[in-house]
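Residue-level listing of the chains:
Protein chains: 2
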Amino acid sequence: MAPFINLALEPIAEKVRHLLEAGDQESIRSLLLDGHASDIADILELLKEDERLAVFNLLPLNKAADVLDEVNTETTIELVDAVPDSAIADMLESLPMDDAAEILAEIPEKRADEIIDLMQPEDAAEVENLLSYPERTAGRLMNTKVVRLKAEWTIQQTLEFLRTIDSETETLAYLYVVNGNDHLAGVVPMRKIVTQSPSIRLADIMETSIVSVPVSADQEEVARVVTQYDFIAIPVVNETGRLLGIITHDDIVDILRDEFTEDIQRFGGTEPLEGEYLATPVNNVFRKRVGWLLVLFVTEMLTGTVMRHYENELQAVVALSFFVPLLIGTGGNSGSQATSTIIRALAIGEVQFKDAVRLLWHEMRIGILLGLVMGVVGFGRALLWGSPIPLAFTVAFALLAIVLWANTIGSLLPPLAAKLNIDPAVISGPVMSTLVDATGLIIYFTLAHLIIGI
Amino acid sequence: MAPFINLALEPIAEKVRHLLEAGDQESIRSLLLDGHASDIADILELLKEDERLAVFNLLPLNKAADVLDEVNTETTIELVDAVPDSAIADMLESLPMDDAAEILAEIPEKRADEIIDLMQPEDAAEVENLLSYPERTAGRLMNTKVVRLKAEWTIQQTLEFLRTIDSETETLAYLYVVNGNDHLAGVVPMRKIVTQSPSIRLADIMETSIVSVPVSADQEEVARVVTQYDFIAIPVVNETGRLLGIITHDDIVDILRDEFTEDIQRFGGTEPLEGEYLATPVNNVFRKRVGWLLVLFVTEMLTGTVMRHYENELQAVVALSFFVPLLIGTGGNSGSQATSTIIRALAIGEVQFKDAVRLLWHEMRIGILLGLVMGVVGFGRALLWGSPIPLAFTVAFALLAIVLWANTIGSLLPPLAAKLNIDPAVISGPVMSTLVDATGLIIYFTLAHLIIGI
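Here the protein sequences line up with chains A and B, keeping their order. With the working numbering, you'll find the first sequence wraps up at 459, consecutive numbering, no jumps. With the working numbering, you'll find the second sequence wraps up at 459, consecutive numbering, no jumps.
To be clear, the hints were calculated from the coordinates, so they are not data collected in a lab. Mixed in with the good hints there might be a few duds.
No distinction is drawn between identical chains; accordingly, a pair holds when it is met within one copy or between any pair of copies.
[As the list claims (entries may be wrong)] Dumping the calculated DSSO-like pairs for lysine-lysine here, alpha-carbon to alpha-carbon at most 27 angstroms:
1. Lys-197 to Lys-293
2. Lys-20 to Lys-53
3. Lys-20 to Lys-197
4. Lys-197 to Lys-68
5. Lys-53 to Lys-424
6. Lys-150 to Lys-197
For reference, chain A alone in the conformation it holds in the complex (with noise of 0.2 angstroms):
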């Protein structure tokens, strides 16, 4: 527990500098010592490198183990790099192997290899039979030190092997049962275990209906699973049934977070990053955003055509070219506000595919409603700007249309992204800017045409 909760750790860490340079090492250490390992993680990452770096090696073993398990990837890199393997191993060997596979997963391989080398054999193994799996996978996530009780012990027998189990290994509030062949048979929850009578067995207390997940699992479909019917942890088990450990709450909520910035960088236009955004080189930036910057390039040259389409409108009456950015930015936006909204309804559960025809009524009411709004405005700024009356009013039905048709689309195209299993933030927000572009600009020009008359 942490005694800097809800303290700003700037003032901390600016405390720890000062000691720093006066050599005082042994405030430091009595500073830090009851902190929580991820604040502790938090103020190292306030220091500069040599402060972090010196500051990392002040702590005990346990503690500084705790604090590499918190930092972000950039910071474990740096650290790992600096520390020797023994020592790293050590600290590896002091954590819950989940997490241990976890930070040899972000440093080079080869450096990994030789630390697993230097760890426990048994760590070693379960290590290494960890980082077998394939990443974003339930075999990645789990911890493989569960309790494993027997459907004929009782409640007394239950309570001494409690007592000798080590404290590495998961206890929360449901304990697994499993039969001879380590296969799941039951789960009791830890309350009845404390509220029942000694003599009574597991057999006639645990729940036998139970769900778990596949070791093979994507990370995301354990996350929906647990979100879903509101577990703390879920048993991750093999083909035949058995056993392997379970995946724990902390862990659901860092797939949940991955899962949402993927999303929002998927909205945003670009391919999800794997890791962490400034330890991620700039090479590999560069290669998830410039694919969809492409599409979307070729894709707005149609805009160039269509302009080249109406090349005599455009030198007869140059004024309609000044509403050109203005008309399909607003499509754009409008777009973008429907889309964003639909595709997180869309990920939650809240609306599906066969709702696209409500979605689509519901944008339309709205769309029009906008439009009419961004209508009088446009049409009023048209005629400030000295537009003659045809040209503002082709400016302002143009701006109704187009808001409408951007509504349209952005409510049909993410749940038909859905239905086809693709994910539905890929209709990001620079795509409806690129789609609505184009065709805005026909709706513009044959407004023009038709108010006009050019």
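Model the placement of chain B on the given structure of chain A, informed by the hints.
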């Protein structure tokens, strides 16, 4: 636990529909009885309104209550509307009072008051107490039925006490110890209760440095603390430190989801909706969007001013205007890519204001790479359209400069917003597009002036 896990729910909904037509109510009951409330809620949402109501009425009271807690707002309103007050009151009695309060907050206040009047006085007082706290605060979310242990108790006494509590009282992995004034004095892991000798006093094993949140704390702050420290639950206290309740992991996951929904809506250029999308009336959605759309519209008018300023150049070389949407569109897309990544990195604390210079340096290098690619492709495209070489060069250099510029402001504005305590997500895709549009045109026409010499 749910036997439906990993099963598609549509076929079950279809089966329920057939059984309903056949009037076979008993089969529907036995089909759904073992299902998890969250699955039954999803099945109900797949049915038509009259079918939904018929099936809901078949559920036993406890199950109906759990299902009511799981359906979306729209369905909650619909079901509550069709069921008599007294039946709703009975259902709410069987839920934890924080969930009952949540349901009551979703329906019209007058109806909610009538239902509360029919509840047991103790529960009614409890619900009214919860509803007296502002929405989105710790007080609104807490479960007040929390185990309160005394420090002087032995493990044995604690175990005897735990046997007397009712099943609605939260008992997760941690139990809380209070002193005579009900002030939070310590926390004991369930594990220690189970494994320590019966004669040991709680005072000797409890952890006394406890993280709690004040009852008035914003829900996002609660979620931040719980996820920062990987807690399963967190106690809620009043100003004097008195234990009022606890907030559990499932509420935290809901808060994280709400928070992210707000972020992506804001990033899409709209003020966040307060409830679910389809349950929000068109007028409300309109009001949440029209403000930003108008602000962006007015800002975007600058592009018209810029274009008017270059009227003579446009008159002389109409082809200049063909590239306008392509240039400003690409700038907006690139800016949106940068800002979506950085907004999220700020939200999860990966980067902070102090990293602004590093963010800028990262994004400028990415911008140069992306700008070069776009410049080369744009140059080729301009030549293919038969543009003269000076115009093609203008387009190419403008693309490089605009992408670089977009990435520059895309990397600087979000941390600046964070520094000013504004949600960085207000630097939305639409805001980026709009900011880049006018400035991008100035860059373009300036380059045209220099290169083409008009």
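Evaluation of the provided hints:
| no. | hint | in the structure |
| --- | --- | --- |
| 1 | Lys-197 to Lys-293 | neither (51 angstroms within a copy, 49 angstroms between copies) |
| 2 | Lys-20 to Lys-53 | within (14 angstroms within a copy, 64 angstroms between copies) |
| 3 | Lys-20 to Lys-197 | neither (48 angstroms within a copy, 36 angstroms between copies) |
| 4 | Lys-197 to Lys-68 | between (34 angstroms within a copy, 22 angstroms between copies) |
| 5 | Lys-53 to Lys-424 | between (49 angstroms within a copy, 20 angstroms between copies) |
| 6 | Lys-150 to Lys-197 | both (22 angstroms within a copy, 18 angstroms between copies) |
When the structure is compared with the earlier hints, violations turn up for hints 1 and 3 and for no others.
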